[in-house]
Amino acid sequence: MSEKDAAIEGLIRELEAPARELAEAAQGKLAAMGEPAVPFLLRALEHPRRGLRVGAALTLGRMGEVRATTKLIDIAENDEDSSVRPLALRAISDIAGPEATDELKIFFIRRLGDEDMFVRALACRGLGKIGDATSREALQLATKDKEQWVRDVAREALATADLRKAAKGDAEAGGPAPGDVCADPPATEQALVVRGEAAPPPKLAQLRSLDPAVQRQAQEQLVAHGGRVVPHVARLLWVHEKSTRRAAMEVLGRVGTAPAVAQLARLLDSDELEAGLRAAALYALGQAAEGARRRGEVPALAFPLELVEAHLDDPDRYVRAAAVVALVRAGGDARRLGVQALVDDEEEWVHVAGGRALAEVATGADRVLRDALLSGLVRITDPSAQTHLLCALAKILDPPQPDDQIVVGPVSFFFESDEETVREAALLLVLAASRQLDGALLARIHELLERDPEAEPLIANALRRKARAGDEAPVALLVRLLRSSEVSTVEAACEALTRIGGVAAVDGLITLANSPRSASRLGAEALARLDPDAAVTAGSDGQGRWSRQLQPRCDCGGSLGWVDAGEREELRCPDCDSEYVQAGNGRVFRADRTPFGNCLCCRRKQPLIRDGRGQTLVCPATDEVHIRPHDAPRQILRLSALPLGACACCDEPQPLVPVAERVVCRRTRREHLPSPEGYRLPGQQPAIAADIDAINAALLAGSLGIGQSGVPLDPRDEDDE
31 MSEKDAAIEG
41 LIRELEAPAR
51 ELAEAAQGKL
61 AAMGEPAVPF
71 LLRALEHPRR
81 GLRVGAALTL
91 GRMGEVRATT
101 KLIDIAENDE
111 DSSVRPLALR
121 AISDIAGPEA
131 TDELKIFFIR
141 RLGDEDMFVR
151 ALACRGLGKI
161 GDATSREALQ
171 LATKDKEQWV
181 RDVAREALAT
191 ADLRKAAKGD
201 AEAGGPAPGD
211 VCADPPATEQ
221 ALVVRGEAAP
231 PPKLAQLRSL
241 DPAVQRQAQE
251 QLVAHGGRVV
261 PHVARLLWVH
271 EKSTRRAAME
281 VLGRVGTAPA
291 VAQLARLLDS
301 DELEAGLRAA
311 ALYALGQAAE
321 GARRRGEVPA
331 LAFPLELVEA
341 HLDDPDRYVR
351 AAAVVALVRA
361 GGDARRLGVQ
371 ALVDDEEEWV
381 HVAGGRALAE
391 VATGADRVLR
401 DALLSGLVRI
411 TDPSAQTHLL
421 CALAKILDPP
431 QPDDQIVVGP
441 VSFFFESDEE
451 TVREAALLLV
461 LAASRQLDGA
471 LLARIHELLE
481 RDPEAEPLIA
491 NALRRKARAG
501 DEAPVALLVR
511 LLRSSEVSTV
521 EAACEALTRI
531 GGVAAVDGLI
541 TLANSPRSAS
551 RLGAEALARL
561 DPDAAVTAGS
571 DGQGRWSRQL
581 QPRCDCGGSL
591 GWVDAGEREE
601 LRCPDCDSEY
611 VQAGNGRVFR
621 ADRTPFGNCL
631 CCRRKQPLIR
641 DGRGQTLVCP
651 ATDEVHIRPH
661 DAPRQILRLS
671 ALPLGACACC
681 DEPQPLVPVA
691 ERVVCRRTRR
701 EHLPSPEGYR
711 LPGQQPAIAA
721 DIDAINAALL
731 AGSLGIGQSG
741 VPLDPRDEDD
751 E
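Number 534 in this note's numbering belongs to position 504 of the sequence shown; there are no gaps in the numbering.
Hints may contain errors.
[As the list claims (entries may be wrong)] Calculated pairs, BS3-like style, for lysine-lysine (alpha carbon to alpha carbon, straight line, at most 27 Å): (1) Lys-174 <-> Lys-59; (2) Lys-135 <-> Lys-159; (3) Lys-135 <-> Lys-174; (4) Lys-159 <-> Lys-34; (5) Lys-34 <-> Lys-59; (6) Lys-59 <-> Lys-272; (7) Lys-159 <-> Lys-101; (8) Lys-174 <-> Lys-159; (9) Lys-101 <-> Lys-233; (10) Lys-101 <-> Lys-176; (11) Lys-34 <-> Lys-101; (12) Lys-176 <-> Lys-159; (13) Lys-425 <-> Lys-59; (14) Lys-272 <-> Lys-233; (15) Lys-135 <-> Lys-101; (16) Lys-59 <-> Lys-159; (17) Lys-59 <-> Lys-135; (18) Lys-176 <-> Lys-34; (19) Lys-101 <-> Lys-174; (20) Lys-101 <-> Lys-59; (21) Lys-176 <-> Lys-135; (22) Lys-34 <-> Lys-174.
[Stated by the list, open to error] Each pair of labels, with its calculated beta carbon distance range: (23) Asp-346 <-> Pro-483: 26 to 34 Å; (24) Glu-377 <-> Gly-257: 30 to 38 Å; (25) Glu-377 <-> Glu-145: 49 to 57 Å; (26) Asp-428 <-> Asp-111: 43 to 51 Å; (27) Asp-401 <-> Asp-111: 42 to 50 Å; (28) Glu-480 <-> Glu-377: 12 to 20 Å; (29) Asp-401 <-> Gln-466: 21 to 29 Å; (30) Asp-433 <-> Arg-547: 38 to 46 Å; (31) Ser-32 <-> Gly-58: 33 to 41 Å; (32) Glu-377 <-> Val-438: 52 to 60 Å; (33) Val-438 <-> Glu-378: 22 to 30 Å; (34) Glu-145 <-> Gly-257: 47 to 55 Å; (35) Ala-395 <-> Gln-466: 51 to 59 Å.
Since the hints were made in silico from the structure, they are not lab data.
Quick reminder that beta carbons are idealized off the backbone N, C-alpha and C, glycines included.
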């Protein structure tokens, strides 16, 4: 199965989420996918689970998928679950249009005689979208329906049909003008007025609409009125229509005042509430608690913790998931309780819904949840849930503490996941929690960018947060991110490189600043922000061209400068007269603290390095071999200046010296014999030290600290010369 098919399958599963916002989000994503999702949705229409059939039907209606009409008609007429039939009819009414077949028109007209007023109302809606003469005639009859609400819908549908007719230039006219459709308040709204109480707010009756768009518009306007709508909306919690009850719960959850929470708790505590509505009430309570927490209120004053906790043992998995989500959104002790219930439950949907909620609201204040989440990750197998929990952990550990390093081992297990989203979330979490960026981790990040360039902003921001002065490990990766087409990625990479500093970082910024790209200004701005007292800076020539500028400094803070010392130039501090040597990358070392000493062949001394084939010391500029006597390591000698040459018996060659008419190694005293090429020692060649390449690379990169090579930091600790 391809990654796209797997993503579609995952969204299909989410169609049966009890919380309307989750189910509608899945519908929207599937509708946006278009044609690739249609075969999956058509198959889901035949699924034994009610929620999947309903979700697939509504999604196909949302897409206007004409190919689904026949199947949807069959469901609307014959589905074994009577609650599914009107929802299939709603999907058909979404698909309906002027090109509808006679079969579909007849289907709608027959529904006008159904006993269920919701079915009759939906049939009116479909006929209004078809809008031909036959449909308008049927709608005129429906305006005399026994139910006021159906009559209102029929009038709205007639207005829609007449507008369509006018747009086509049809000479036939009739029906009320759009603005006159609901001139009189419907009976449902009038019935909500109580003697001595203010009139209900506008749009209250539209919460009972079968059109989701109308319901959502009414919800937005009611929420804008705040707490004063609570008494009116609360009455809709007890009406017959489930969609209205859900819409009312969502309004109260978003209003989130103590009276709104009390009404939701009262409903949740009632015995008559079925599982789907229990779940919706729990989601609304969670939304109310989260709103109170964000406003700085104390959720515990209104949040019915014990009532919500009791639903963690509900036999319905969707109710348990909703209870977990409510607790997670409430924060504090409730969030800890919800997370524990999340990891202890065995149902995937509980893991997915709870994990998604936690990923949305988790902060650094939830650090106490770290160990519970790590434990849960070991047991949870659903990739979506794993991704959500890894993202939540990344938020919780920002900024990381020293002991957060313990998450790196367990989370690294997910690097091998078959799901790309899981691998990416695990990598970003380890990146956030790691105290140091090692080569293996950086290599994985490079691999991730090769597979998924969309991860660039996440990685750039993570590296920006971890950037430290002198930590050159991520520089190559950051320079790569400078090539991104995303401005936010380039900005984050520039900021990180500015913090790190050094030759490689500054050179990367210079390349960007001198490029013809529009992002070059970001590179120039970053270079202008460099510390002017740093050892490596950059300057502009006035024509917009930038170049690197080195201004090394002494440990005492003085600016180093070159001083003519006869045959050589010495880099010295004018304040304390300390001598320094400068490596090819611009980094400076105290002359008496270089790992292997300094060359004698260049006018400006270079720090010696290993040659890579053994432990022979060479100048990186000229490759000339130098010898460091074992008993006087700071008395460097040029091999070309030794009359007898160097030995072949030591890993690091030593001078040959004459002793009693023999030529021996100064260190081992082993005799060497003359040959046409010089003195040699019969036998095997000396072994090459395993760490030569590593030391050379570190020295050339400027990342080898003084003392790491075994050379003592204090000259008093050195061997006597």
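Verification of the supplied hints:
The straight-line distance between the Cα atoms of Lys-174 and Lys-59 is roughly 40 Å, outside the 27 Å bound, and the hint therefore fails. Taken as a hint, the Lys-135 and Lys-159 pair is honoured in the structure, with Cα atoms around 11 Å apart against an allowance of 27 Å. Between Lys-135 and Lys-174, the direct Cα distance comes to roughly 20 Å. Compliance with the 27 Å bound is thereby established for this hinted pair. About 34 Å separates the Cα atoms of Lys-159 and Lys-34, which puts this hinted pair outside 27 Å; it is violated.
For the proposed pair Lys-34 and Lys-59, the alpha carbon gap of about 12 Å is at most 27 Å, so the pair holds. Between Lys-59 and Lys-272 the CA atoms are separated by roughly 24 Å; this keeps the pair inside 27 Å, and the hint holds. With a C-alpha separation of about 20 Å, the suggested pair Lys-159 and Lys-101 falls inside the 27 Å cut-off, and the hint holds. Using a Cα cut-off of 27 Å, the hinted pair Lys-174 and Lys-159 holds, with the two alpha carbons roughly 20 Å apart.
About 35 Å separates the Cα atoms of Lys-101 and Lys-233, which puts this hinted pair outside 27 Å; it is violated. In summary, the hint linking Lys-101 to Lys-176 is not supported, as the alpha carbons are separated by about 31 Å, beyond the 27 Å threshold. Distance check on the hinted pair: Lys-34 and Lys-101 sit about 25 Å apart at the alpha-carbon level, within 27 Å; holds. About 23 Å separates the Cα atoms of Lys-176 and Lys-159, which keeps this hinted pair within 27 Å; it holds.
The suggested pairing of Lys-425 with Lys-59 holds, with an alpha-carbon distance near 25 Å, which does not exceed 27 Å. A threshold of 27 Å between alpha carbons decides the hint, and for Lys-272 with Lys-233 the separation of about 18 Å falls inside it, so the pair holds. The straight-line distance between the Cα atoms of Lys-135 and Lys-101 is roughly 16 Å, inside the 27 Å bound, and the hint therefore holds. For the hint pairing Lys-59 with Lys-159, the CA-to-CA distance comes to about 25 Å; that is within 27 Å, so the pair holds.
Between Lys-59 and Lys-135, the direct Cα distance comes to roughly 30 Å. Violation of the 27 Å bound is thereby established for this hinted pair. About 49 Å separates the Cα atoms of Lys-176 and Lys-34, which puts this hinted pair outside 27 Å; it is violated. For a cut-off of 27 Å, the pair hint linking Lys-101 to Lys-174 is broken: about 31 Å separates their Cα positions. Straight-line distance between C-alpha atoms of Lys-101 and Lys-59 comes to about 22 Å, which keeps the hinted pair within the 27 Å bound.
Under the criterion of a C-alpha separation no larger than 27 Å, the hint pairing Lys-176 with Lys-135 is consistent with the structure, at around 22 Å. Proximity of Lys-34 to Lys-174 is assessed by CA-CA distance (about 50 Å); at most 27 Å being required, the pair is judged violated. The hint said 26 to 34 Å for the Cβ distance between Asp-346 and Pro-483, and at roughly 42 Å that hint is violated. A hinted range of 30 to 38 Å for the beta carbons of Glu-377 and Gly-257 is consistent with their spacing of about 36 Å.
Separated by about 37 Å at the C-beta atoms, Glu-377 and Glu-145 break the suggested range of 49 to 57 Å. The hinted window of 43 to 51 Å between Asp-428 and Asp-111 holds, with their beta carbons roughly 46 Å apart. With their beta carbons about 44 Å apart, Asp-401 and Asp-111 fall inside the hinted range of 42 to 50 Å. Taking 12 to 20 Å as the suggested C-beta distance range, the pair Glu-480 and Glu-377 does not conform, at roughly 36 Å.
Checked against the hint of 21 to 29 Å, the pair Asp-401 and Gln-466 passes, with Cβ atoms roughly 23 Å apart. The hinted range of 38 to 46 Å is satisfied by Asp-433 and Arg-547, whose Cβ atoms lie roughly 42 Å apart. Checked against the given bound of 33 to 41 Å, the beta carbons of Ser-32 and Gly-58, roughly 22 Å apart, lie outside it. One distance hint, 52 to 60 Å for the beta-carbon pair Glu-377 and Val-438, is violated here, with the actual separation near 30 Å.
Separation of Val-438 from Glu-378 is about 27 Å and conforms to the stated range, judged on CB atoms against 22 to 30 Å. Separation of Glu-145 from Gly-257 is about 39 Å and departs from the stated range, judged on CB atoms against 47 to 55 Å. Distance hint for Ala-395 and Gln-466: a CB-CB separation of about 26 Å, inconsistent with the stated range 51 to 59 Å.
Violation of the numbered hints given earlier is confined to hints 1, 4, 9, 10, 17, 18, 19, 22, 23, 25, 28, 31, 32, 34, 35; the remaining hints are satisfied by the structure.
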